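Participant: Given next are the chains, with one letter for each unit.
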Amino acid sequence: MAGGSGVIVVLAWRNLWRNYRRTLVMLLAIATGVWAMIFFSALMRGMTDQMVLNGLATLPGEVQIHHRDYRRDPSVANSIDAPSGELLAALQQPPVEAWAGRVRVPAVIASERDSRGVTLLGVDPDAESELGSLPEQIVQGRFLADSDDRGLVLGASLARKLDTELGKRVVIMSQDPQNDVADRGARVVGIYRARLASTEEQYVYAARNTVQGMLGIGERVSEVAVSGGDYRRVDEWAPRIAAAAGTQLEVLTWTQLDPFLGSMLAMQDGFTVIMMVIIFLVLSFGLVNTLAMAVFERVREIGLMQALGMRPSLILYQLLLESLYLLLLGLATGNLLAWLTVKPLESGIDVSGVAEGMEMMGMGTVLYPALAVEDMLMATAVVVVLGLLASLLPAWRAARLDPVRALNKT
Amino acid sequence: MSVNWVLAWRNLWRHSRRTWLTVAAMVFCNVLLVFMISLQLGSYQVMINNSLAMVTGHLQVQHRDFLGDQRIRDSVPAAAQLAEQLRTTLKLESVSARGQAFALASSEERSFGVLIAGVQPQTEALVSSFPGLVSQGRYLQPGDSDAIVIGAVLARNLKVDLGDELTFLGSGRDGSFAAAIATVVGIVDTGINDLDRGVAQVPLGWFQETFAMGDHGHAVVARLPSLDAVPAAVADVRGQIMGHSEELRVLDWDALQPGLRQAIQSDLVSNGFMYAVLVVLVAFSVLNTQLMSVLERTREFGVMLALGMSPGRLARLVAMETLLMALMGLALGLLLGALLIWYLAVFGFTYPGMEEMAARFNMDDRMYPQVSLPALVWGPLTVFCFTLLAAVYPALRLFRLQPVSAMRAV
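The listed protein sequences derive, respectively, from chains A and B.
Its first residue numbered 1, the first sequence is counted upward by one per residue in the numbering used here.
Its first residue numbered 411, the second sequence is counted upward by one per residue in the numbering used here.
Simulated from the structure, these hints should not be mistaken for lab results.
Fair warning: there could be bad hints in the mix.
[Claimed, not checked] Chain B stretches covered by chain A per the calculated footprint, using a threshold of three residues with CB under 8 Å from any CB of chain A:
1. 430-442
2. 562-571
3. 635-647
4. 689-695
Given the structure is predicted, the values throughout are model-derived calculations rather than measurements.
C-beta: ideal position from N, C-alpha, C; glycine also.
Bound-form chain A, shown alone (with noise of 0.2 Å):
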């Protein structure tokens, strides 16, 4: 019987093409669903990789330590010291590719004209470059130059609604420890642009030094923020750093920190699988179909088949063989179509006609797709394991043919 199988594979593929217009068919029914399947789900990943990057671009780093009542009270007084000893040493160590210590507090900014509640950022130019976390765009003048540099950088709808622009001084004020109101005057030297207008209104910059002098908090900050590089890793690293830091400190991955963010990342796999499978139902119907009248049509063949002393399980296999056949060229079609169409788009699809509803849901003017390997494979394994599942109905109905009626059936 070992030729046996041999002989069915042949079979399978020549059955395959006796009715090519409906093979055709079933095949760009198949290859259009799975293109499809693979579409959304890169449009999907890409606006969900969006929010989550936006998101982190404002928090930032994907692991955040703070005093543990910073959160509850973001102010000045729950500040913490510079990283030193154990948790500089961890900080140091791979996959930390980059961290920072700030300042953080809420304060008020007044021009001549107007004034804001906006989220005083102390930075350090260098470290914040290393993570990544500076302004996108500087539109006009420069940023910070160094921890010690006196001016300030606004965003660009801030300095709008200020009434302010480059050059001018503007008064920014928060609290000290003591609850006192803390406050100097500064050259706004830098605007930027964010992806956000959002973002663009609640963030000021100005340097570490500067800030923690004009606050009496000596070298403290309110946040160390730490990147590893790849969002989606965080929790492998961040219980080191947690060990490290003691008990004393909060630390937090970006999961924790923004909870929306982190389902969004469940959710998005969860609304993929969900998509895979419905569009695979819509077209299992056609594919039960086209079995069913391939297994018709073929009643008497089969029973002669099987009154020559073919088993029923070969009948059964040689069926799936022929409808795996027809599944994975529609995959393969499929993949490709959509590697095709979604590759070119990778650099970006421009949605500003709709940049305020994109806002409203954490995401810029550009949508960038982002084809993964995880989802073409996804798409690979529903239509095969379903195919298959779909398939066994019409194939076992084949198997359990009676040969004498079905070899007298005209």
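Since chain A is already given, all that's left is putting chain B on it; use the hints.
Facilitator: Only chain B this time, still in chain A's reference frame:
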């Protein structure tokens, strides 16, 4: 003619399993579309109404420069009086005047920059959902003067409780120094952190006095019974303020929150894309079925042609078969879809992870579908049309049939 219909009907049941499978594909797709579209439209309604109810209202009268820059001097003169006039014009009680200004709010221990809103307590409760979300204390009452209601997060950050005093420092409309003290009478907890961090409402009169506004406000807000009433109301209000001042503008919710409509549009487009794929897949399935049914009847059709039947009449027969099948799909799909929607309209629908999502987009954590005719028939009708289109190719093949060779076909 009725012979044709009988013939078409009987032809369908020559392969009852195939017909049922094809109809099932249509029904499945129809129910799916009815479900998704109704739910989608339902969630839009909720999203729009909930987010408008929070702050924006359905329409506002503002100074023409206020929307873009929100400067304190771009104000509406005689705001309370205008609100009173609009109440008469619109025959609605839910019209309220507001003013807003930035100030540094300080408690004994903490200071924060906040956006203070001056509101008319009685009517504000009809316009916005904030007053109903007071979790501690009470909302502002007519006759209050130096009372303030703040968000729960702000209260926590400022470390204040009911009865505590807050000091405000800011600048008035004329650029003068503004300072005042108010007592916390209520704390609002919306569950949305961003809002709970930002709310600070005081009575309009006290606000005008503190910020040297005279009788000015920044917006007159109206909440209408439904979205459909917006265009007419905008026209009415525009007529009313036309003679009032050149400086004023009427803005509807779309202008006030462009993100909302755009978020919906982009969601509609991406979902529409998905629906199109599903419909195309069903069309493929129908195409396959009809192609099979034509091909297997080649001999039969040959005989009919030889007996003098015109190819056009045969094509009509095939078209009728498809029409009958499509009608079955439509009827069953609508029936089951309507049942499902009716069930969901009563019991609601939820999925894991929806709560975080709902909090972010101001939605209920259960979704209720929109029960409307368009939402119900849109999907099934599209499927119906595409099904008929799918039969064109098989029907056209009949015109190429040669009676003699067709009768010899196997």
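Participant: Do at least three Cβ atoms from the segment 635-647 of chain B come closer than 8 Å to Cβ atoms of chain A?
Facilitator: violated (count 0)
Participant: Per the coverage rule (Cβ-Cβ under 8 Å, at least three residues), is the segment 562-571 of chain B covered by chain A?
Facilitator: holds (count 3)
Participant: Using a Cβ cutoff of 8 Å, are there at least 3 residues of the segment 430-442 of chain B near chain A, or does the coverage claim fail?
Facilitator: Since three or more residues must qualify, the claim that chain A covers the segment 430-442 of chain B holds, with 7 doing so at under 8 Å.
Participant: Checking C-beta pairs, does the segment 689-695 of chain B have three or more residues closer than 8 Å to chain A?
Facilitator: holds (count 5)
Of the numbered hints given earlier, the model fails hint 3 alone.
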